[in-house]
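J.: This is what each chain is made of:
Number of protein chains: 2
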Amino acid sequence: MSITIYDVAKAAGVSMATVSRVLNGTAVVKEETKKKVLDAIQMLGYRPNAVARGLASKKTKTIGIIVPDVSAPFVAEMVRGMEDIATMYQYQIILSNSDGQPEREIDLIGTMWEKQVDGMLFMGNHLTGDLLKTFEQAQIPVVLCATVDPEGRIPSVNINNEQAAYDATRFLIEKGCKHIVLLSGATDHPVVGKPRQKGYRKALKQEGYQAHIVECPTLRYEDGLETLKGILRDNQIPDGIVAVSDELGVAAIHACLDAGLSVPGQVKAIAFDNTRLASMVRPELTTISQPIYDMGAVAMRFMTKLIHDEPVEEFSFLLPHDLTVRSST
Amino acid sequence: MSITIYDVAKAAGVSMATVSRVLNGTAVVKEETKKKVLDAIQMLGYRPNAVARGLASKKTKTIGIIVPDVSAPFVAEMVRGMEDIATMYQYQIILSNSDGQPEREIDLIGTMWEKQVDGMLFMGNHLTGDLLKTFEQAQIPVVLCATVDPEGRIPSVNINNEQAAYDATRFLIEKGCKHIVLLSGATDHPVVGKPRQKGYRKALKQEGYQAHIVECPTLRYEDGLETLKGILRDNQIPDGIVAVSDELGVAAIHACLDAGLSVPGQVKAIAFDNTRLASMVRPELTTISQPIYDMGAVAMRFMTKLIHDEPVEEFSFLLPHDLTVRSST
DNA sequence: CTGAAAGCGCTTACAG
DNA sequence: CTGAAAGCGCTTACAG
Chain B
963 MSITIYDVAK AAGVSMATVS RVLNGTAVVK EETKKKVLDA IQMLGYRPNA VARGLASKKT
1023 KTIGIIVPDV SAPFVAEMVR GMEDIATMYQ YQIILSNSDG QPEREIDLIG TMWEKQVDGM
1083 LFMGNHLTGD LLKTFEQAQI PVVLCATVDP EGRIPSVNIN NEQAAYDATR FLIEKGCKHI
1143 VLLSGATDHP VVGKPRQKGY RKALKQEGYQ AHIVECPTLR YEDGLETLKG ILRDNQIPDG
1203 IVAVSDELGV AAIHACLDAG LSVPGQVKAI AFDNTRLASM VRPELTTISQ PIYDMGAVAM
1263 RFMTKLIHDE PVEEFSFLLP HDLTVRSST
Chain A
963 MSITIYDVAK AAGVSMATVS RVLNGTAVVK EETKKKVLDA IQMLGYRPNA VARGLASKKT
1023 KTIGIIVPDV SAPFVAEMVR GMEDIATMYQ YQIILSNSDG QPEREIDLIG TMWEKQVDGM
1083 LFMGNHLTGD LLKTFEQAQI PVVLCATVDP EGRIPSVNIN NEQAAYDATR FLIEKGCKHI
1143 VLLSGATDHP VVGKPRQKGY RKALKQEGYQ AHIVECPTLR YEDGLETLKG ILRDNQIPDG
1203 IVAVSDELGV AAIHACLDAG LSVPGQVKAI AFDNTRLASM VRPELTTISQ PIYDMGAVAM
1263 RFMTKLIHDE PVEEFSFLLP HDLTVRSST
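Protein sequence lines, in the order shown, are assigned to chains B and A.
For the first sequence, this note's numbering begins at 963 and goes up steadily by one.
For the second sequence, this note's numbering begins at 963 and goes up steadily by one.
Check before you lean on any hint, since a few could be wrong.
Identical chains share a label here; the pair holds if one copy fits it or two copies do between them.
Quick list of in silico lysine-lysine cross-link-like pairs, DSBU-like style, CA-CA up to 35 angstroms [said to hold, decoys possible]:
no. : residue 1 : residue 2
1   : K1267     : K1137
2   : K1023     : K1095
3   : K1160     : K996
4   : K1156     : K1137
5   : K1191     : K1164
These are computed hints drawn from the structure, not numbers from a lab.
Sequences are here, hints too, so could you generate the full structure?
T.: Now the structure itself:
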């Protein structure tokens, strides 16, 4: 049998309510009584049962996090940011991977709901109607991270993707590139698709250059390599490449080098994210630096505000991005 | 107010106990009654409160995971393996980062204990006495992952690090290398230190070659680069490098290239882990492939066995490693 | 400042 | 096959 609040109360010669009060600091307790309680706790090695507390107080001090895949570096770093802030506010996290599958996402929301999480952080692709409905049913605060709700119904933390893509493209233009390919994610993707294509197009249009958008099935290196090889094989050799992830950017560099093209001499490459990978290639990758860790941290901080009913000014956060220039451009 | 089991019971015209039984399948329920209950659940959109269930049943269906840092690719992939198996067995995970700090590790164990996790998966460095004592107090199953207990008191999942280091070194020797440097972790580290140094030494000794071990403060790229530059600057140019992580391996390649040495022409490099990074460099990195995902999966699978008191044969798992040959050797 | 008691939403012997 | 009731270990009005 483990030690309960009852044992502590008995040992200290007070009521359970009093023990609870010193534990939670929910009311003033005479200094002397407090000391007796603390001593008893110490002596017995008592640890409060958070599950019982959760049932009684209807607050579990845990936040659910749903992401497509923790093993992706971008996601892992974001989760780290979330976790650090959660710890700071004495919350723990329940983490689940959805692989971006809508049914799984809904499933996970349900399970977390059953676990009575105090809030949920969500990273995904499209916000389907079913998803929104499930969030609504769960009746707990939700914050999106690196995920946009085109209709702004749910608070979210992102960068300005359109502007970032514009900046990246513009940078290549200023370096003298005229035939710039965009290695894009799925066109209908609300983060790595549409808005970045828009920013890219805008920059080209200003110069009257032709757009050349290629969708990659995923943002992973292997797919990037494949896609790029296809482009180079068709002899549509660009002089600039904007890739929507560092992995695609590295793939771009390698595909060019493998084809005998010099980087940044003949082809310049710029990417998105500034994960650690960007500096682990030669030439090192110029990239739009996203504050990935901060995005997770801000999302979690915002969550704590929502949970504690603190006043909030903003609703959709757009964190600043930056251009980290290295030797691939 | 949310819907409780009481509401369902009333709607179905049965007792709470019966609802509980159909929910958990803990006893046979007449087909007709069952249907009534299921209909009521459906109609009301009832979801059982897992916290209340946890309090009553003393099982929370959650596993605590403590790792140094999820944002490290090795760790992230391992965690993914854990999570997938947990999902398979209907468990959820609480994830925390310790940054390898002993006090923090002990703290986290305490918090997870309060949360009544059914078991804990632990990845860390040294198993201090305090740590072991805390595990013991918590009275729940613990499994180590990519972490060794030199005295075998706690079940664990690893590869045979000594053998792996031997294999890597031997491979370079067979490729003709005579001056092989080991880019090692801290010498007293029970995973990336001692055992790998031992395997390395053994392989060299067989040939009568001289050992040259250099400790890196961390296993990260930046430190590897720094360390390697020091070695090359001292004009102690090796013809082979064994690095204990892929990041160090990539650093080795780049340091050599930057110093005008050809890889694998003048210097051959081999590393550990086979994370995705290994194939994202040129030349691609030859590396000891660790079944990272599987290590996490096996550890979690073993945990489910411990929790359910299934008979277990083994205690310390040594998963097979492999040598993935690429172009850096 | 402190205590007695109800209640959080389940599970689980115990009866029948 | 099903129900009534105790109990899991806390918190929280309510009294005093």
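J.: Cα distance capped at 35 angstroms. Does K1191 pair with K1164 within a copy, between copies, both, or neither?
T.: The answer is within: 26 angstroms in one copy meets 35 angstroms, while 44 angstroms across copies does not.
J.: Have a look at K1023 and K1095 and pick one of within, between, both or neither, based on CA distance no larger than 35 angstroms.
T.: Cα proximity of K1023 and K1095: in one copy and across copies (24 angstroms, 26 angstroms).
J.: Since the copies are identical, ignore which copy is meant and state whether K1160 and K996 lie within 35 angstroms (CA to CA) inside a copy, between copies, both or neither.
T.: neither (63 angstroms within a copy, 55 angstroms between copies)
J.: Evaluate K1156 and K1137 at a C-alpha cut-off of 35 angstroms and name the case that applies: within, between, both or neither.
T.: within (25 angstroms within a copy, 50 angstroms between copies)
J.: As a check of your reading, is K1267 near K1137 (CA-CA no more than 35 angstroms) within one copy, between copies, both or neither?
T.: neither (44 angstroms within a copy, 60 angstroms between copies)
Hint compliance for this structure: hints 1 and 3 are broken, all remaining hints hold.
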